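J.: In case you want the letters, here they are:
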Amino acid sequence: MNDLIIETTGLTKAYKGHAALRGLDLRVPRGSIFGFLGRNGAGKTTTIKTLMGLLRADSGTARVFGIPVTEGSASLGDSCIEVRRRIGFVTEDKELYPYMTVRQILRFLRPLFPKWRDELERRYLEMFELPLDRKIPNLSKGMRSKLMLLLAISRGAELLILDEPTDGLDPAATEDVLRELVDIAASEGTTMFFSSHQLAEVELIADHIGIIDQGRMVASGSLDEMKAQYQRLQVVFEETVQAPARWVDGVENVRQMGRVISILASRNVDAIVEQARSLPGATVERFPVTLKEIFMEHVRGN
Amino acid sequence: MIFRLPQSSGVPLYLQLIEQVKHAVETGALREGDQLPTIRKIANDLVVNPNTVARAYRELEYEGILELRHGTGAFIKESAGGRARVLRNAHALVRGAIERLAALELTDDELRRVLESELAQARAGRDGEKVAGGTA
Amino acid sequence: MFWYKGWLETRFRFCFALGFTVFFLGSAYAYGLKTTAALHVVIGTATVLVAMFCGQLAGAGIATQPAVQATAGLHGSTLFTLSLPVSRLHLLAVRASLGWLQVAGGIALYCGGMWVLFPIVRDTASGAEMLEYAGVLIGCASGLLFISVLLATFLDDLWRMYGTMMAFGALWWASKRVAMPDSVNVFRAMGEGSPLVAHSIPWAALGVSAGLAAVLFLVSLKIVQQREY
Chain A
1 MNDLIIETTG LTKAYKGHAA LRGLDLRVPR GSIFGFLGRN GAGKTTTIKT LMGLLRADSG
61 TARVFGIPVT EGSASLGDSC IEVRRRIGFV TEDKELYPYM TVRQILRFLR PLFPKWRDEL
121 ERRYLEMFEL PLDRKIPNLS KGMRSKLMLL LAISRGAELL ILDEPTDGLD PAATEDVLRE
181 LVDIAASEGT TMFFSSHQLA EVELIADHIG IIDQGRMVAS GSLDEMKAQY QRLQVVFEET
241 VQAPARWVDG VENVRQMGRV ISILASRNVD AIVEQARSLP GATVERFPVT LKEIFMEHVR
301 GN
Chain B
1 MIFRLPQSSG VPLYLQLIEQ VKHAVETGAL REGDQLPTIR KIANDLVVNP NTVARAYREL
61 EYEGILELRH GTGAFIKESA GGRARVLRNA HALVRGAIER LAALELTDDE LRRVLESELA
121 QARAGRDGEK VAGGTA
Chain C
1 MFWYKGWLET RFRFCFALGF TVFFLGSAYA YGLKTTAALH VVIGTATVLV AMFCGQLAGA
61 GIATQPAVQA TAGLHGSTLF TLSLPVSRLH LLAVRASLGW LQVAGGIALY CGGMWVLFPI
121 VRDTASGAEM LEYAGVLIGC ASGLLFISVL LATFLDDLWR MYGTMMAFGA LWWASKRVAM
181 PDSVNVFRAM GEGSPLVAHS IPWAALGVSA GLAAVLFLVS LKIVQQREY
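Chains as they are written, first to last, in our numbering: chain A, 1 to 302; chain B, 1 to 136; chain C, 1 to 229.
Keep in mind that the hints were calculated from the coordinates and are not lab data. The structure presented is a predicted model; accordingly, all values stated were derived computationally and were not measured. In this text, a Cβ means the ideal position worked out from N, Cα and C, and glycines have one as well. Certain hints may be false.
Now the stretches of chain A that chain C is said to cover, found in silico as 3 or more residues with beta-carbon under 8 Å [unchecked claim]:
(1) 87 to 93
(2) 111 to 124
(3) 204 to 212
(4) 228 to 239
Result set (BS3-like, lysine-lysine): computed pairs, CA atoms no more than 30 Å apart in a straight line [what the hints assert, rightly or not]:
(5) A:Lys-115 <-> A:Lys-135
(6) B:Lys-41 <-> A:Lys-115
(7) A:Lys-292 <-> B:Lys-22
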């Protein structure tokens with residue numbers, strides 16, 4: 001029994017003229033809400049397309065539900081039809097067929113998914129107040145996002161892949177969307193893999209995160225563990241000193257302002273505190289680190 | 001009990017939830033036998049990850065504050081009340097100390113930093129003794 | 001279900017194609033079709049209509065929106081379509097078949113209308129010949145339709161339509177200039193070689209058209225299966 005819903009190792013992909021993925025290792029545990037973070041162009045959408053079997057990887061492997069999605073059939077995408085049947089997908093631009101109404105797109109999609117859940121469809125139609133006979137281009141962006149979410153959830157998916165599900169939504173619509181994601185995770189145990197630029201919302205609803213930068217995973221794991229490992233240490237000296245040139249393993253970043261040294265530690269905090277305390281006249285304080293600080297530390301200056 | 005929205009800070013959310021429950025027990029807002037909302041309800045109200053809530057509940061159970069009854073929900077354990085009394089005594093001690101410190105006219109933040117710093121020193125001292133004891 | 005999607009996608013275009021045919025039949029009826037050159041009008045119009053139908057009604061079932069709606073790096077609804085649990089063969093085959101049926105429907109309406117409305121057409125050709133003519137037009141249109149299907153694998157709707165018209169014109173011009181046996185000339189099969197004029201079925205040209213359609217379909221399929229959208 002494999003407890004990873006998504007697993008990639010050393011995935012590389014040159015796409016549209018540049019190296020979009022450069023050895024991506026991604027592990028999404030079953031039942032997790034996985035926040036996939038990165039700057040624009042870091043390789044998030046390329047990763048998602050590869051997972052759905054829409055792109056051919058240059059090297060490395062990718063498995064979704066344990067099924068390989070990067071090899072096998074000569075025809076792109078045909079090897080993982082079964083995988084796509086079990087995934088609910090919300091695209092980044094939330095574009096759907098402009099010639100269909102809400103009722104028509106439901107009628108079109110329902111037969112494609114044998115596990116379609118009528119009761120979920122009814123519930124979300126009502127909750128999101130989606131007008132059945134309105135044409136998709138006449139829906140607001142918030143409504144289109146909600147419709148896409150409804151289409152993803154109602155198909156009885158085991159995995160939701162959400163490319164910036166709250167992008168461009170007002171705070172109320174964002175709250176609605178996030179609340180339903182959390183509710184589905186609680187009631188159905190659905191695994192969610194979502195990319196977002198809203199670090200504050202990721203911090204609330206994700207339990208695992210992965211930070212991708214220039215096609216590589218630069219940090220990933222349980223958010224709680226990451227927060228436990230990452231700490232900021234503030235070392236105050238009685239008089240200005242020369243900071244040590246060599247720090248113990250785990251120091252990510254050191255900044256000095258006069259008698260104060262600020263250290264960002266990613267692991268090994270106790271040993272670092274020990275080293276700091278051994279400096280003459282030093283008082284050491286520890287502070288928790290926000291997700292935003294962790295994120296900025298990994299993508300800045302690259 | 002009504003949970004407050006956790007802050008997006010460096011402190012893991014589950015720890016913030018645990019603190020809220022402990023605080024409610026200490027102040028008497030939660031009493032022995034009181035029932036807490038379901039994981040799904042809390043996740044939904046606060047829009048936080050259900051696994052986070054579940055983890056907070058598990059830790060609280062491990063610490064002997066909550067009792068998780070399968071299918072029926074989470075209840076404040078009877079023994080938690082005793083602990084609450086101990087803590088109320090501690091409150092009285094700290095209150096006395098603060099009153100005596102009033103003469104120094106410290107701000108709340110200064111006081112908090114002094115307390116935290118002393119706690120850290122005390123913890124380091126304990127750890128040091130442990131290490132020393134281990135090598136002796 | 002992709003039939004349903006394809007139908008919703010194309011129904012207005014199909015209705016427009018039928019409407020145009022009716023409009024043409026109506027104006028021909030109003031002006032009267034009395035000259036001895038009636039058959040030339042029938043044949044000439046048929047060729048133009050086939051070109052229009054092929055340009056308008058074909059599709060590959062993947063990208064449908066004009067590129068203006070899909071900004072750089074995004075693909076409109078294409079990504080959503082590709083994320084559905086079906087093979088690309090299925091997407092292409094359903095959409096191409098639907099286009100073919102609609103082209104056939106347009107041709108049937110045209111031939112039927114000509115036959116019903118104009119006594120002079122009934123005098124020159126028998127009912128069976130008109131039926132054969134409709135069949136030949138559909139057969140000849142198949143090869144041309146799949147040029148449009150092929151273009152649809154990498155062009156959006158608008159450019160595919162222009163592209164098909166241009167390809168059609170270029171082939172028509174080439175069919176006049178390049179030396180080839182009359183029997184395999186698909187354009188001739190829709191005109192002088194057709195059952196209306198030659199009173200026989202141009203099997204060789206139909207074979208050429210079917211072969212072309214099959215080859216173009218396979219090429220389109222290969223493209224669709226290889227392409228990273």
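J.: Work down the list of hints and note, for each, if the structure agrees.
T.: Now for the hints, and whether the structure bears them out:
1. Proximity of the stretch 87 to 93 of chain A to chain C, defined as three or more residues with a beta carbon under 8 Å from a beta carbon of that chain, is established by the 5 residues found.
2. Note: the stretch 111 to 124 of chain A has 3 residues with beta-carbon separation from chain C under 8 Å; the three-residue rule is met and the coverage holds.
3. For the stretch 204 to 212 of chain A, the stated coverage by chain C is not satisfied: 0 residues place a CB nearer than 8 Å to a CB of that chain, which falls below the threshold of 3.
4. A count of 0 residues in the stretch 228 to 239 of chain A with a Cβ less than 8 Å from any Cβ of chain C is obtained; the coverage claim is therefore unmet, three being the minimum.
5. Between A:Lys-115 and A:Lys-135, the direct Cα distance comes to roughly 26 Å. Compliance with the 30 Å bound is thereby established for this hinted pair.
6. Of the pairs offered as hints, the one joining B:Lys-41 and A:Lys-115 holds, with about 26 Å between alpha carbons and a cut-off of 30 Å not exceeded.
7. Between A:Lys-292 and B:Lys-22 the alpha-carbon distance is near 28 Å, which keeps this suggested pair within the 30 Å criterion.
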